[in-house]
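Participant: Residues per chain, in single letters:
There are 2 protein chains.
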Amino acid sequence: MTEASKKVEMWFTERQTPHLAISLRVKETLARETTPYQELAIMETYEFGTLLTLDGIVQTTVKDEFIYHEQMTHVPLHTHPEPKTVLVIGGGDGGIVREALKHPSVEKVVLVDIDERVIEACKKHLPTISCALDDPRVEVRIEDGIRFVKEARNAFDVIIIDSTDPVGPAVGLFTADFYRAVLDALTAEGVVVTQTESPLLNPDMVKRVFETFAGIFPIARVYTAEVPTYPGAIWAITLGSKVHDPLELPAERFRDIETKFYTPWVHMRSFALPRFVEELVQEQRPRFGR
Amino acid sequence: MTEASKKVEMWFTERQTPHLAISLRVKETLARETTPYQELAIMETYEFGTLLTLDGIVQTTVKDEFIYHEQMTHVPLHTHPEPKTVLVIGGGDGGIVREALKHPSVEKVVLVDIDERVIEACKKHLPTISCALDDPRVEVRIEDGIRFVKEARNAFDVIIIDSTDPVGPAVGLFTADFYRAVLDALTAEGVVVTQTESPLLNPDMVKRVFETFAGIFPIARVYTAEVPTYPGAIWAITLGSKVHDPLELPAERFRDIETKFYTPWVHMRSFALPRFVEELVQEQRPRFGR
Chain A
1 MTEASKKVEM WFTERQTPHL AISLRVKETL ARETTPYQEL AIMETYEFGT LLTLDGIVQT
61 TVKDEFIYHE QMTHVPLHTH PEPKTVLVIG GGDGGIVREA LKHPSVEKVV LVDIDERVIE
121 ACKKHLPTIS CALDDPRVEV RIEDGIRFVK EARNAFDVII IDSTDPVGPA VGLFTADFYR
181 AVLDALTAEG VVVTQTESPL LNPDMVKRVF ETFAGIFPIA RVYTAEVPTY PGAIWAITLG
241 SKVHDPLELP AERFRDIETK FYTPWVHMRS FALPRFVEEL VQEQRPRFGR
Chain B
291 MTEASKKVEM WFTERQTPHL AISLRVKETL ARETTPYQEL AIMETYEFGT LLTLDGIVQT
351 TVKDEFIYHE QMTHVPLHTH PEPKTVLVIG GGDGGIVREA LKHPSVEKVV LVDIDERVIE
411 ACKKHLPTIS CALDDPRVEV RIEDGIRFVK EARNAFDVII IDSTDPVGPA VGLFTADFYR
471 AVLDALTAEG VVVTQTESPL LNPDMVKRVF ETFAGIFPIA RVYTAEVPTY PGAIWAITLG
531 SKVHDPLELP AERFRDIETK FYTPWVHMRS FALPRFVEEL VQEQRPRFGR
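First to last, the protein sequences are chains A and B. For what it's worth, my numbering labels the leading residue of the first sequence as 1, then goes sequentially. For what it's worth, my numbering labels the leading residue of the second sequence as 291, then goes sequentially.
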């Protein structure tokens, strides 16, 4: 299955929109299979290291995964004063689980992914991302995340919705019905985040998810992650919180954890929205400095 | 020269690195010529509107140009308390000139581009970007930017180096020799910025330019712009300043100008560097909030 050759160039191409594509030159295809839910492929690329795609869409790469995984994890986990229980919906690659376990208060992380094959393939081919999945604090459940959340009550301090794009198996993860179930599944000071696509290329989605969150959670905020392999440079993440506002964290809240992207200043940076994003959602005035 | 067709798809592809490519579907080629300095092409794309390329590299698009042009302009112009004279090196599309003229104190903008054909083509095909080039406060000079700067003394409050990538005609714009000439061309409270490539894909460049700036200008800072059509999601911009620190601007400094990206909070956001960028250059602690 190797494509390594000096003369024959193999390229993986994703049409990020009908009219925009990203291409990564491929050294070798490591895995390719049709699971019960989607088409999975793992490739070794020259520029971004090992790449996971589902249904032909880039999910994560070894080179830039830290940006998305750190932003999806450390922002909500710092917004909660002492997160002990964390639920990850989707995210079978394990990147968010790895980041969540860096917080010393975390006692349990439940990962619910509908597709066991994603988890198995990532354990085999993406060890730097999936490395924490066998940690004793982690429980991996192969089942429907929506059903799992609907049955949970007052159970999780933080819920992280690491979904694929809102087509195919992930559609139900973008509904008000599901977010209301998330509210009930959260504990008293609970915090939820969900990936929300590109504000430049998919502004309606960002607006819709924010408005839905604002109607369900006492505090709703939008922040950003800059993911090179996702379209539009800036990726939106929506946060819902029962009590704590991520814009107003005390300095002592920030924990001394090892990161490559996140810092307390990057936390605040992420909520300082470019004007065109602010106009889709709301003004946000994070407090930096002393 | 039209490629519009339902069956025949035309795509422009740029190899952003030898192993990474971006492709934009093209409706129509509007201009294509070999100038004395480079190959120029202007295309109408489906996703990003009109696109300018030089030597096959994306320079700007109508859809996302505001991000780069606003960040290159409003950060240095707000760092200076009352900019009257602005020099733009390169930037023949006129986007930075348009933004600079939004500041009421600005009396004169000199644009020095070595390639008259870029300016002419942008005037014709990119009117929303080049619209300010005929403003009476603007002087367009077709000459070598390096020579122009070397002959200037104490002449400009702000200098903006809007270069192409550091290959071909722009190589000399990335040297310590040139930056020393910039220092002399600046007035007493002068500020300079230069585009500095992708910290993820070209970290050595970011480190080298920052260190060179730090050896020449009393204050050296690095900030970011998120440009979807440039590789790596985050683009670095290096700032040199004689007196004023962009991290410590008084709230009253910010002018009421119309923007789509920049706000006072976005200003501070841009200096809150992700840890991997901070480690290339330096810790920066912008002050936000009240």
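Hints are supplied without guarantee of correctness; some may be wrong.
[Stated by the list, open to error] Here are the simulated DSBU-like pairs of lysine-lysine, each with C-alpha atoms no more than 35 Å apart in a straight line:
(1) B:398 / A:7
(2) A:108 / A:123
(3) A:27 / B:317
(4) A:260 / B:532
(5) B:550 / A:260
(6) A:7 / B:317
(7) B:317 / A:242
(8) A:27 / B:532
(9) B:392 / B:413
(10) A:63 / B:374
(11) A:207 / B:353
(12) A:260 / B:353
(13) A:102 / A:150
(14) A:260 / B:414
(15) A:63 / B:392
(16) A:260 / A:207
(17) A:207 / B:374
(18) A:84 / A:7
(19) A:63 / B:550
(20) A:207 / B:532
(21) B:353 / B:413
(22) B:297 / A:27
(23) A:102 / B:374
(24) B:374 / B:414
If you are wondering where the hints come from, they were derived from the structure by calculation, not from laboratory data. Predicted, not measured: the structure shown is a model, and the values here were computed from it.
Participant: Evaluate each hint against the coordinates.
Facilitator: So, going through the hints one by one against the coordinates:
no.	hint	result
1	B:398 / A:7	violated (54 Å)
2	A:108 / A:123	holds (20 Å)
3	A:27 / B:317	holds (32 Å)
4	A:260 / B:532	holds (31 Å)
5	B:550 / A:260	holds (29 Å)
6	A:7 / B:317	holds (32 Å)
7	B:317 / A:242	violated (48 Å)
8	A:27 / B:532	violated (48 Å)
9	B:392 / B:413	holds (19 Å)
10	A:63 / B:374	violated (44 Å)
11	A:207 / B:353	holds (19 Å)
12	A:260 / B:353	holds (31 Å)
13	A:102 / A:150	holds (28 Å)
14	A:260 / B:414	violated (44 Å)
15	A:63 / B:392	violated (39 Å)
16	A:260 / A:207	holds (29 Å)
17	A:207 / B:374	violated (39 Å)
18	A:84 / A:7	violated (53 Å)
19	A:63 / B:550	holds (31 Å)
20	A:207 / B:532	violated (42 Å)
21	B:353 / B:413	holds (17 Å)
22	B:297 / A:27	holds (32 Å)
23	A:102 / B:374	violated (50 Å)
24	B:374 / B:414	holds (28 Å)
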